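Asks: All chains, full assembly: derive it from the sequences and hints.
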Amino acid sequence: MRTYLLKRILLMIPTLFGITVITFTIVRLAPGDPAAMRLGSAASGGMVDQQMAKAIIEKTRVEFGLDKPIYVQYGMWVAKIATLDFGRSYKDNRPVTEKIIERLPITLQLNIIALFLTYLLAIPLGIFSATHQGTTADKVTTVALFVLYSLPSFWVATVLILFVGGGDFLHWFPISGISALDADKLGNWDWFKDRVWHLVLPVFCLTYGSLAYVSRQMRAGMLETIRQDYIRTARAKGLSEKAVIYRHALRNSLIPIVTLLGFLLPAMLGGSVIIESIFTIPGMGLLGFEAILSRDYPVVMAISTIAAFLTLIGLLLSDLMYALVNPTISLEAE
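Using the working numbering, the letters of the sequence shown map in sequence onto residues 1126 to 1459.
Be aware that a few hints might be false.
In silico lysine-lysine, PhoX-like type, Cα no more than 20 Å apart, as pairs [said to hold, decoys possible]:
hint, residue 1, residue 2
1, Lys-1179, Lys-1216
2, Lys-1179, Lys-1193
3, Lys-1216, Lys-1205
4, Lys-1184, Lys-1132
5, Lys-1193, Lys-1205
Each pair of labels, with its calculated beta carbon distance range [as the list claims (entries may be wrong)]:
hint, residue 1, residue 2, range
6, Trp-1322, Thr-1140, 41 to 47 Å
7, Thr-1384, Ala-1204, 34 to 40 Å
8, Thr-1140, Pro-1407, 28 to 34 Å
For the record, the hints were derived by calculation from the structure and aren't laboratory data. The model shown is predicted, which means the values in this text are computed figures rather than measured ones. Ideal Cβ positions, reconstructed from N, Cα and C, are used throughout, including at glycine.
Replies: Next up, the structure:
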């Protein structure tokens, strides 16, 4: 186990390096000058003289090192990352780390709740569907989940806003932000209820698609497992169906679900650009989207690098969880 972990950790270093090189190059070669965009409308004429605007842009480029060759810029960026310094935002000159720490708790709230609900519902739903294969209940569940998986989240969010968010019909749920404007004046219980009420619609939009996909994966894994010889042997010994399913089949059926966990860490950090934008939630997804539009390279690179690192960590954790779910899997096997 230790040898395997050491090999994987050492392999993560060149992999992460390659990801950062590719990401940095793509981001810097994208059209648009962050210095000019930071100056904004003043540089486009009207508020300042064009010659003065040009001088300000050149000064800004020098200040942020944008006048240097791209490989020099990359070296400067790596040197800062080595000290866990993601630099300052081009947009407002705030430390990138500060902006991420400010937005991260909001995104984690949304995604942890959505993840918990997804697995809480998907695993028993997948087990039920697999153990009742071919029945009316299985067919209805399959069709319903297929429909849910096919619905785009932005369309569902729009429909929910229209029908239950005060659009043209009911006004049951708030559709903007994660809390009321005066939430800081509320008591603990009232604050909690207000936060939950604000999260209902965005959490639903983040959950239903994942629920449909994970439950189908769980169903497929369970169907494959219950057809194995050792399951037939367990039944032949007279074990109850409940003991066969939950004591013998469930553990091996979780292997496909464990694979999905490897991609959940970066997803939890990155947030959902579409859902956060529609519901005006100031999370990581909206931060990344705004950074791309404004060519805020330090923020884009910080989010991309952390997401890449968490992806590698997630894949490592999923491999380790294989061994926990199924002890017959050897991580040291060639």
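Asks: Against the 20 Å threshold, does the CA-CA distance of Lys-1179 and Lys-1216 hold or violate the hint?
Replies: Holds, because 18 Å separates the two Cα atoms, which is no more than 20 Å.
Asks: A range of 34 to 40 Å was offered for this pair. Does it hold for the Cβ distance of Thr-1384 and Ala-1204?
Replies: 36 Å, holds
Asks: Keeping to a limit of 20 Å between CA atoms, is the pair of Lys-1216 and Lys-1205 held or broken?
Replies: 19 Å, holds
Asks: With 28 to 34 Å as the target window, see if Thr-1140 and Pro-1407 comply at their CB atoms.
Replies: 32 Å, holds
Asks: Lys-1179 and Lys-1193 were given as a pair; does the straight-line alpha-carbon distance stay at or below 20 Å?
Replies: Satisfied, since the Cα-Cα distance of roughly 17 Å is no more than 20 Å.
Asks: Is the hinted range of 41 to 47 Å satisfied by the C-beta distance from Trp-1322 to Thr-1140?
Replies: 43 Å, holds
Asks: Given the hint that Lys-1184 pairs with Lys-1132, does the C-alpha gap stay at or below 20 Å?
Replies: It is violated: about 46 Å lies between the C-alpha atoms, which goes past 20 Å.
Asks: Are Lys-1193 and Lys-1205 close enough, with their CA atoms no more than 20 Å apart?
Replies: Holds, at about 16 Å.
Hint 4 from the list above is the single one not met by this structure.
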